[in-house]
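Asker: For reference, the chains in residue letters:
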Amino acid sequence: MTKFGIEFVPREAYWKIMYYVIQAERGGFSNLWVTDHFNNRNVYATLAAASIYTNQITLGPGVTNPFMVNPVFTAQGVATLDELAPGRVVLGIGAGDKTTLDTVGVEMRKPLTAVQESVAIIRGMLDGESVSFQGDVFKTAGAKFLFKTRRIPVYVGAQGPKMLALAGRIGDGVLINACNQKDVELAVKSVKEGINEAGRKLEEVDIAVYTAFSVHQDIKKATKAAVPPVSFIVAGCPPEILERHGINVEKAS
Amino acid sequence: MVDLVDESRRQALLEKLVDFVLATKNDEKMPSTLARSLLHFWQQDRLMSKQGLAVLLEAGVRLEPEKTLSALSELNLKDLEVKIKEDLPQ
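One line per chain: the protein sequences are A and B, in this order. Heads up, the first sequence is in my numbering, so the first residue is 1 and it goes up one at a time. Heads up, the second sequence is in my numbering, so the first residue is 1 and it goes up one at a time.
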C-alpha cells in the first residue's frame with residue numbers, strides 16, 4: 001500500500017513546526033522526516049518535540065550523514081528518540097550534501113564506504129553489542145550503550161546509482177531523492193540491482209521517494225518560493241543526474 | 001475578552017489569527033509558556049474553545065498587534081478591538 005510522508009526543514013520556530021506536525025498527523029501522513037543541517041534547528045531536538053506532540057506517525061531524521069555526525073551519536077540520537085516514541089522511529093542516513101560539508105570544512109571521504117560502515121556500527125550498537133569496528137572510514141573499539149536499545153529501521157538516502165544500489169543491499173528502506181519521473185524510474189532500477197546482488201527480496205526494502213511541491217495560488221510566487229530549495233538540490237546532485245537534464249555540472253557546483 | 005466574540009464569528013477570527021501567527025517574523029515575542037498552551041489546545045483540537053481562542057488571541061496581540069486589531073475591525077468586533085487597544089502599551 002502506498003503511504004505518504006512529509007519532510008520538515010526546522011528553519012522556523014519550533015512551535016510553528018509543531019503546529020504543522022500535529023496537522024500532518026491529523027491529515028493522515030504516515031511518516032514525518034526532519035532534515036539535518038547545522039544551519040537549521042537541531043534535528044533530534046525537533047524530533048523529540050514532534051514525538052511528544054504526536055501519537056502514531058513514524059518519525060526520524062531524513063536524512064543525517066556520517067561526516068557531520070559520528071555514527072555512534074546518530075545511534076544514540078535515534079535510540080533516545082525511540083524511548084520517547086517507542087516503535088515509531090526510523091533513521092534516514094545518506095552521504096550528506098557537498099555544499100553544507102564544504103561550508104564547515106568537512107571532507108566527504110569515501111561516501112559509499114562511510115554510509116555502509118555507519119549503518120553497520122549503528123545497527124550493532126542498537127542491537128546492544130559492544131562494537132569494535134575497523135573500517136576504512138570509521139573505527140570503534142568496544143562502543144556500547146549503557147542503556148537498553150533495540151533495532152530501528154534504517155533508510156539510506158540516495159541519489160546516484162552506486163548509493164541507490166547500496167541502499168538496496170543494506171537498507172531497510174531507501175529514500176530516493178528525485179523529483180523527475182525518469183530519475184525515479186532509473187533510481188528504482190538501481191535499488192533493485194542492489195537488492196538482487198544481496199539476494200534479498202523486493203518487499204524487504206521500503207522504497208520511498210522524496211519529491212517537492214511549491215504551492216501557491218499565484219504561479220509566480222510558487223515558482224519564486226521553489227528557487228532556493230531547487231538550487232540547493234541541484235548543487236548537491238551527482239553529475240550523471242545533472243547531465244541527464246542538460247544542466248551544466250560546473251555551473252551547478 | 002473572548003466572551004465579546006459571538007459564536008458565529010469565532011471560526012473566521014480563528015482562521016485569521018492562525019494565518020498571521022504562523023506567518024509572523026516576530027517569533028522572539030512568543031513566550032514559551034504561551035507557545036506550549038497554543039500547541040496544547042491545537043493538539044486537543046480545542047483552539048475553537050473559549051480558552052483556546054483566548055490563547056490564540058493573546059498570541060496575535062503579542063506577535064502581530066496591528067494585524068490582530070485589523071482582523072477584529074474586519075469582523076466588526078468593535079468592543080473587543082477597543083478593549084485590546086486600551087490594554088496595549090502606548
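Quick caveat, the hints were computed from the structure, so don't treat them as lab data. Hints should not be assumed to be uniformly reliable.
[Said to hold, decoys possible] What the simulated footprint calls covered on chain B by chain A, stretch by stretch (three residues with Cβ under 8 Å from a Cβ of chain A suffice, anywhere in the stretch; the number is not a length):
hint: 1; segment: 22 to 33
hint: 2; segment: 37 to 46
[As the list claims (entries may be wrong)] In silico lysine-lysine, BS3-like type, Cα no more than 30 Å apart, as pairs:
hint: 3; chain 1: A; residue 1: K224; chain 2: B; residue 2: K67
hint: 4; chain 1: B; residue 1: K29; chain 2: B; residue 2: K50
hint: 5; chain 1: A; residue 1: K251; chain 2: A; residue 2: K221
hint: 6; chain 1: A; residue 1: K224; chain 2: B; residue 2: K25
[Stated by the list, open to error] So the derived label-pair ranges between C-beta atoms look like this:
hint: 7; chain 1: A; residue 1: A235; chain 2: B; residue 2: Q51; range: 46 to 52 Å
hint: 8; chain 1: B; residue 1: M48; chain 2: A; residue 2: N40; range: 29 to 35 Å
hint: 9; chain 1: B; residue 1: R9; chain 2: A; residue 2: K148; range: 52 to 58 Å
Just so you know, even glycine gets a beta-carbon here, dropped at the ideal spot from N, CA and C.
Asker: All hints, please: hold or fail.
Answerer: Here's how the hints hold up against the structure:
no.: 1; hint: 22 to 33; result: holds (count 3)
no.: 2; hint: 37 to 46; result: holds (count 5)
no.: 3; hint: A/K224 with B/K67; result: holds, 25 Å
no.: 4; hint: B/K29 with B/K50; result: holds, 23 Å
no.: 5; hint: A/K251 with A/K221; result: holds, 25 Å
no.: 6; hint: A/K224 with B/K25; result: holds, 19 Å
no.: 7; hint: A/A235 with B/Q51: 46 to 52 Å; result: holds, 47 Å
no.: 8; hint: B/M48 with A/N40: 29 to 35 Å; result: holds, 32 Å
no.: 9; hint: B/R9 with A/K148: 52 to 58 Å; result: holds, 53 Å
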